[in-house]
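Generate coordinates for the entire structure from the input sequences, incorporating the hints supplied.
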Amino acid sequence: MESLFKRLSWISATTILLILTSIFVVLFLYAKPAIAEYGLKFLVDSRWGVEVSQPTKPQVSPSTKSSATKATPTTTPKDDNIAVNDEDIAVSDEDIAVNDEDIATDENVAVNDEDIAVSDEDIASQVPSSADEAITADDDIDIDETSKHTKVIYGGLVPIVGTILTTILAMFFAVPIAMGIAIFLSEIAPQSIAKPVGIAIELLAAIPSIIYGMWGLFYFGPLVASVFGGSSVSLLVASLVLAIMIIPFMASLTRDSMNTTPNVLKESAYAMGATKFEVIKDVVFPYAKKGIIGSMILALGRALGETMAVAFVIGGVFTFPKSLTDPTVSIPVVLANSFAESNGISLNVLFYLALILFIISFAVISFAKFYFLRDKK
Amino acid sequence: MKKILSMTLALSVSALAWTINGTGASFPYPVYKETIKQFYSKTQNRVNYSPTGSGTGIKEVAKRHVDFGGSDKPLKPTTLKKAKLYMFPTIVGGIAMAYNIPSVSNLKLSQAAIEGIVLGKIKYWDNPLIAQTNAHLPHKKIIFVHRSDKSGTTFNFTYYLSKMSKTWRHKYGARKTISWPTDAQGRGIAGKGNFGVSAAIKTNPYSIGYVDYADALKNHLKMAVVQAADGTYSAPTPQNFAKGAAYAGFSAKNNFYRIIAYPQKGYPIIAATFVLLPAEKVQTDKKVTQFFDYLYNHDEIASKLGYVPLPTNVKTQVREYWAKKGIK
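Protein chains in written order, with my numbering: chain E, 1 to 377; chain W, 378 to 705.
Errors might be hidden in some of the hints.
Stated by the list, open to error - In the SDA-like style, the derived pairs of lysine to any residue whose C-alpha atoms are separated by at most 25 Å in a straight line are:
1. Lys266(E) <-> Phe372(E)
2. Lys518(W) <-> Ser226(E)
3. Lys599(W) <-> Met214(E)
4. Lys518(W) <-> Pro582(W)
5. Lys151(E) <-> Ser542(W)
6. Lys440(W) <-> Ala336(E)
7. Lys518(W) <-> Phe218(E)
8. Lys322(E) <-> Lys517(W)
9. Lys579(W) <-> Ser209(E)
10. Lys410(W) <-> Ile210(E)
11. Lys548(W) <-> Asn343(E)
12. Lys599(W) <-> Ser226(E)
13. Lys151(E) <-> Leu8(E)
14. Lys517(W) <-> Thr325(E)
15. Lys289(E) <-> Leu265(E)
16. Lys266(E) <-> Phe173(E)
17. Lys543(W) <-> Thr609(W)
18. Lys595(W) <-> Trp215(E)
19. Lys151(E) <-> Thr325(E)
20. Lys517(W) <-> Lys289(E)
21. Lys579(W) <-> Ser323(E)
22. Lys664(W) <-> Ala439(W)
23. Lys658(W) <-> Ala629(W)
24. Lys369(E) <-> Ala13(E)
25. Lys500(W) <-> Ala13(E)
26. Lys579(W) <-> Leu223(E)
27. Lys485(W) <-> Tyr610(W)
Said to hold, decoys possible - DEER-style ranges, computed between Cβ atoms:
28. Ile177(E) <-> Lys414(W): 46 to 54 Å
29. Gly39(E) <-> Ser418(W): 55 to 63 Å
30. Ser482(W) <-> Phe372(E): 53 to 61 Å
Hints are computed from structural coordinates only; laboratory data are not their basis. Just so you know, even glycine gets a beta-carbon here, dropped at the ideal spot from N, CA and C.
What follows is the structure, encoded as structure tokens:
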């Protein structure tokens, strides 16, 4: 029995560790192309999805050119040209590789010459006049897109700063309120009030985050904007919504750990002539310290990783906030907004960001643990 | 006895009825949803479509996870060939420039004004370029609202901008996500999804943004009258979308590959949405085309929801395309 119990607990602990490692490894593997592409400069680069023209790449440019030159003859013959085109594709794989960027990376417009050229002839046949303008316009786009070689630069600084700012602000708003609630519930309020209020607070913790997001977007954001100015989605709104979301966690955990203070200790303090404030400050808080800090760490973890609610109210704009009421963006929000539509390098960049978030959370939590919970000797 | 008969009948019907699954663009979702409902009550055949976004639609159908994929961004014929897909357009919709200026309710925007606003060159509402066509504009900062998620709507809107403005084309081009110049000036905010943008416009006075017409209508947003390619001003209405769609120039020869924004006449910011089919699954493709044939035959669903059905000649072409590929 004893050994079975030991083994079971050992297995469950190992499972968690294994899952954690596998998440880390998967994130790293998927992020690898992006890490190779952007390196550590990613951490300090504030540009996101900005196209930069690049000196011609040796691998890509010849094939692009060949596709362009091959495309020109296909425009002149009329109906049969598609068949010719087919062969072209079947033979030269390079061509397809270039044209296929749509599925592979999805990055650029690169509306390629041949397609439009073919379709233009068709317009000419369908809409007799007035098609000329469109043709020239289309050609313009094509030439521009194919002639210059661009590279899309991603930098993670704005979301990283946004994540840290929202978390710090949310903790700043939430900690005093949560402590107040906990003290009220465990020390001050009579049982008849403490019970229902306690249940109400735990209920708040059970509300799905998307509801906070909706509430923030439609009601709370405009309210904050009307009081503090600025727009209805901003850093301030996001931090406040985050604070509201983490208060119940902190409050109920803190209350529980405060409740574990033995009555003997409190009563002897009162007997020594201590006031209520002194008892809470000098007896309850020191006794419940570990639990309180644990609750803060949990809340911090939640604030760092909160996605849905923040996605609605933070604004999703890749700029540094100059004031509290400016919109910005955080790492989980970038992930939620871009994940469904990304592939290729832009997907790898998202994994890189996720990896960074993972590391930030790890660093913050372990720092908090070691710093606040070390045993004083 | 009667009961048993009716039961066996019901069973045999349900045995004949089939189910197909699709995923992709959210832009045509309201129309698909309504059509699916009617199609089911008429034929007992089930069509499932989940609005996950164009990118997912393309990816999922390319991997053959679904029977058809929806995309707002057409794939090039070469790509289609490589991925062994067929493609055809289903409906056309408009993208509206929705705005919120408390004192103005009939905003008219010239091409130069739109270009200036998106490029961040026009910073205040009473700028002469806007004031040319409007009266009583306040001296307030313009807040530009855009999508925060990657989206086909952004792609179509920026494609329109690329065709209209050379400066935009050189600097930004048409993409699903853009780092908007107005953001850098601190005058930009973003919303998640069409309803996020609508909510942001509604709750922030002096803002303007681009929203799917159907969503703008649903949210009672004020929509600007926009200068068309031929210089005339065109209000965002299904009639004007249809006028533009007539110049779409779809052709079966290249699998209907065409981005239709900025037509010669009619409302300029329009977009078609497409369906992708796996080429080798002839039997399921036939079911899919049966469903979309139903959609083509019931234009009133699209019109009622603020979309535009395809012009008749395009529908004929699509049907011929199906017949030619043997999937009708």
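Tested hints:
1. Lys266(E) <-> Phe372(E): 24 Å, holds
2. Lys518(W) <-> Ser226(E): 16 Å, holds
3. Lys599(W) <-> Met214(E): 22 Å, holds
4. Lys518(W) <-> Pro582(W): 10 Å, holds
5. Lys151(E) <-> Ser542(W): 22 Å, holds
6. Lys440(W) <-> Ala336(E): 22 Å, holds
7. Lys518(W) <-> Phe218(E): Holds, at about 22 Å.
8. Lys322(E) <-> Lys517(W): 19 Å, holds
9. Lys579(W) <-> Ser209(E): 23 Å, holds
10. Lys410(W) <-> Ile210(E): 24 Å, holds
11. Lys548(W) <-> Asn343(E): 23 Å, holds
12. Lys599(W) <-> Ser226(E): With a Cα-Cα distance of about 21 Å, the restraint between Lys599(W) and Ser226(E) holds, given a limit of 25 Å.
13. Lys151(E) <-> Leu8(E): Violated - the C-alpha atoms of Leu8(E) and Lys151(E) are around 52 Å apart, more than 25 Å.
14. Lys517(W) <-> Thr325(E): Roughly 17 Å between the alpha carbons, so the hint for Lys517(W) and Thr325(E) holds.
15. Lys289(E) <-> Leu265(E): 15 Å, holds
16. Lys266(E) <-> Phe173(E): Violated. Lys266(E) to Phe173(E) sits at ~29 Å, over the 25 Å cutoff.
17. Lys543(W) <-> Thr609(W): 20 Å, holds
18. Lys595(W) <-> Trp215(E): At roughly 19 Å apart (the allowed maximum being 25 Å), Trp215(E) and Lys595(W) satisfy the hint.
19. Lys151(E) <-> Thr325(E): Roughly 33 Å between the alpha carbons, so the hint for Lys151(E) and Thr325(E) is violated.
20. Lys517(W) <-> Lys289(E): 51 Å, violated
21. Lys579(W) <-> Ser323(E): 22 Å, holds
22. Lys664(W) <-> Ala439(W): Distance of about 18 Å is within 25 Å: holds.
23. Lys658(W) <-> Ala629(W): 20 Å, holds
24. Lys369(E) <-> Ala13(E): Roughly 19 Å between the alpha carbons, so the hint for Lys369(E) and Ala13(E) holds.
25. Lys500(W) <-> Ala13(E): 58 Å, violated
26. Lys579(W) <-> Leu223(E): Holds: Lys579(W) and Leu223(E) sit about 13 Å apart, inside 25 Å.
27. Lys485(W) <-> Tyr610(W): At roughly 8 Å apart (the allowed maximum being 25 Å), Tyr610(W) and Lys485(W) satisfy the hint.
28. Ile177(E) <-> Lys414(W): 46 to 54 Å: For Lys414(W) against Ile177(E), whose Cβ atoms are near 47 Å apart, the range 46 to 54 Å holds.
29. Gly39(E) <-> Ser418(W): 55 to 63 Å: Given about 58 Å between the Cβ atoms, the range holds.
30. Ser482(W) <-> Phe372(E): 53 to 61 Å: 58 Å, holds
When the structure is compared with the earlier hints, violations turn up for hints 13, 16, 19, 20 and 25 and for no others.
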